[in-house]
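Colleague: For reference, the chains in residue letters:
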Amino acid sequence: LSICSRTVEPLEYYRRFLKENCRPDGRELGEFRTTTVNIGKCLCSITTADGSALVKLGNTTVICGVKAELAAPAVDSANKGYIVPNVELPSLCAERFRSGPPGEEAQAASQFIADVIENSQMIVKEDLCIANGKLAWVLYCDIICLDYDGNLLDASVFALLAALKNVQLPLVTINEETGLSEVNLKQKNPLIMRKHPVATSFAVFDDTLLIVDPTAEEEDLATGTVTIVTDEEGRLCSVHKPGGSPLTGAKLQDCITRAITRHKEVKKLIDKVIKSITPK
Amino acid sequence: SVSPGDTSVLAGLYGPAEAKISKELPDRAALEVLLRPKVGLPGVLERSREQLLRQTCEAVVLGVLHPRTAITLVLQVLSDAGSLLSCCLNAACMALLDAGLPLAALFCGVTCALQPDGTILLDPTARQEQEARAILTFAISSSERKVLMTTTKGSCSVEEMQQCLASAQRAADTIFQFYRDSVRRRYSKC
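Chains as they are written, first to last, in the UniProt record's numbering: chain H, 1 to 280; chain Z, 1 to 190.
Among the clues, some could well be false.
[Claimed, not checked] Think about it this way: if two alpha-carbon atoms lie no more than 30 Å apart in a straight line, the pair counts; the simulated DSS-like pairs of lysine-lysine are: (1) H:275 / H:125; (2) H:41 / H:195; (3) H:275 / H:251; (4) H:41 / H:264; (5) H:80 / Z:38; (6) H:267 / H:67; (7) H:67 / H:19; (8) H:195 / Z:153; (9) H:67 / H:268; (10) H:186 / H:272; (11) H:188 / H:80; (12) H:275 / H:67; (13) H:251 / Z:153; (14) H:19 / Z:146; (15) H:41 / H:186; (16) H:80 / H:251; (17) Z:153 / H:125; (18) Z:38 / Z:153; (19) Z:38 / H:267; (20) H:268 / H:41; (21) H:67 / H:41; (22) H:67 / H:251; (23) H:125 / H:251; (24) Z:146 / H:80; (25) Z:38 / H:251; (26) H:195 / H:272; (27) H:251 / H:188; (28) Z:189 / H:264; (29) H:67 / H:195; (30) H:186 / H:125; (31) H:19 / H:251; (32) H:268 / Z:153; (33) Z:146 / H:125; (34) H:125 / H:264; (35) H:267 / H:125; (36) Z:153 / H:67.
Hints were generated in silico from the structure; no laboratory data involved.
Nothing here was measured: the structure is a model prediction, and the numbers come from that model.
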């Protein structure tokens with residue numbers, strides 16, 4: 001009988017759980033799913049990328065690969081490199097995504113990631129410049145969702161953060177006589193990351209209830225979503241509420257407080273993982 | 001057509017009309033937003049803005065009264081001199097009003113710019129936007145001034161965000177008065 005109710009009247013089924021302040025998968029309203037992250041060539045198995053990470057948030061699986069290439073900087077910003085994020089939602093991750101040109105969700109997610117990088121200044125573009133006006137790094141960050149079970153934005157930001165921490169850029173010098181660039185693959189330096197933004201997503205139910213880390217089923221039933229991106233100083237890099245039910249300022253404040261707590265948990269996790277893969 | 005200062009956006013609303021079978025929803029109206037920039041083809045930024053506008057409109061339009069129909073909102077940017085997203089929001093709401101669609105509430109768009117010295121500026125020009133530390137755009141609903149949509153550019157502290165939200169909610173009163181006056185002017189001629 002309960003299985004019938006879940007398919008026939010999903011909202012009523014969910015409401016029964018929410019009344020008891022819990023969710024069908026046994027979590028509290030403010031509890032996150034188990035987060036696991038694999039960084040680097042050995043664990044993540046993208047051997048062609050300069051930096052890679054695989055993040056699992058419950059069933060949602062997102063992989064990020066960063067490739068660094070050389071290019072001439074733009075004329076109007078001669079001392080800046082480029083960071084190009086791209087989020088892909090291939091048809092293998094969920095039924096609703098068809099193959100073909102990127103849909104609205106993928107494009108909106110790509111724009112969101114680009115905004116997070118820009119707003120948080122996690123990578124300052126001036127750090128990517130090698131020679132003013134002549135040569136700069138381009139970081140192509142490809143974020144691909146392998147299994148979509150809700151909360152894509154949190155997982156993508158986390159995967160991006162982990163992959164960028166893993167990137168090792170070779171030293172590039174410009175030979176003054178020939179004017180050509182020489183890449184020294186033996187000497188590699190890690191990327192300079194100024195800030196570590198972490199995203200926390202919430203789903204709004206029936207205009208009042210806020211639940212953290214929604215699954216795909218919960219996202220479909222929710223009347224709105226909010227994503228808050230914070231950095232380590234407690235500053236807000238992004239408050240992203242794309243429409244949906246209206247919220248008061250106080251509810252938004254609750255979300256922000258929860259996001260700041262979540263940041264600390266995620267930072268601890270990333271530090272632990274980085275420490276475990278650094279060769280001693 | 002809404003133009004605060006020199007920013008100008010033209011909005012056209014079509015619907016509720018018959019929807020394509022692939023797009024129709026069985027219990028509500030399917031809302032679609034198309035944002036056309038002044039120059040060039042619509043890109044990723046336009047798609048992300050379309051998603052913001054669409055979900056904001058979906059929250060207020062009573063779609064359940066018109067199931068299996070399509071409502072299309074087309075926004076054309078005529079000129080951009082700052083505060084573009086809030087201009088689009090205002091144009092969208094006025095188009096919904098003008099079309100006579102059933103709405104649960106009205107909404108208005110307000111942009112706040114945080115200057116480097118900490119002062120809050122409402123409806124910044126393009127120049128002020130560039131100099132600002134952070135730009136926050138809110139869609140405030142007419143019922144209890146709740147927040148329908150927020151987008152931020154740049155980083156700010158939590159207190160600054162709350163202050164911007166409070167000033168945006170106060171400014172929303174002026175915009176809703178403007179809606180009232182425009183609608184009154186339009187219908188007083190007939």
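Colleague: Indicate, hint by hint, whether the structure satisfies it.
Modeller: Against the structure, the hints:
1. H:275 / H:125: holds, 26 Å
2. H:41 / H:195: holds, 24 Å
3. H:275 / H:251: Distance of about 37 Å is beyond 30 Å: violated.
4. H:41 / H:264: Satisfied, since the Cα-Cα distance of roughly 26 Å is no more than 30 Å.
5. H:80 / Z:38: holds, 27 Å
6. H:267 / H:67: Status holds; Cα separation ~24 Å.
7. H:67 / H:19: violated, 47 Å
8. H:195 / Z:153: holds, 16 Å
9. H:67 / H:268: Holds, at roughly 26 Å.
10. H:186 / H:272: holds, 27 Å
11. H:188 / H:80: It holds: about 20 Å lies between the C-alpha atoms, which stays within 30 Å.
12. H:275 / H:67: The given pair, whose Cα atoms are some 23 Å apart, holds under the 30 Å limit.
13. H:251 / Z:153: holds, 21 Å
14. H:19 / Z:146: holds, 24 Å
15. H:41 / H:186: At roughly 17 Å apart (the allowed maximum being 30 Å), residue 186 (chain H) and residue 41 (chain H) satisfy the hint.
16. H:80 / H:251: violated, 39 Å
17. Z:153 / H:125: holds, 17 Å
18. Z:38 / Z:153: Given pair residue 38 (chain Z), residue 153 (chain Z) holds - Cα atoms ~21 Å apart, limit 30 Å.
19. Z:38 / H:267: violated, 42 Å
20. H:268 / H:41: OK: residue 268 (chain H) and residue 41 (chain H) at ~21 Å, within 30 Å.
21. H:67 / H:41: Holds, because 13 Å separates the two Cα atoms, which is no more than 30 Å.
22. H:67 / H:251: violated, 40 Å
23. H:125 / H:251: violated, 35 Å
24. Z:146 / H:80: violated, 40 Å
25. Z:38 / H:251: Roughly 37 Å separates the two Cα atoms, so the pair is violated.
26. H:195 / H:272: holds, 17 Å
27. H:251 / H:188: violated, 46 Å
28. Z:189 / H:264: Distance ~61 Å between residue 189 (chain Z) and residue 264 (chain H) Cα, so the pair is violated.
29. H:67 / H:195: At roughly 20 Å apart (the allowed maximum being 30 Å), residue 195 (chain H) and residue 67 (chain H) satisfy the hint.
30. H:186 / H:125: holds, 24 Å
31. H:19 / H:251: holds, 19 Å
32. H:268 / Z:153: OK: residue 268 (chain H) and residue 153 (chain Z) at ~27 Å, within 30 Å.
33. Z:146 / H:125: With a Cα-Cα distance of about 37 Å, the restraint between residue 146 (chain Z) and residue 125 (chain H) is violated, given a limit of 30 Å.
34. H:125 / H:264: holds, 26 Å
35. H:267 / H:125: holds, 23 Å
36. Z:153 / H:67: Holds, at roughly 26 Å.
This entry does not satisfy hints 3, 7, 16, 19, 22, 23, 24, 25, 27, 28, 33, going by the numbered hints stated previously.
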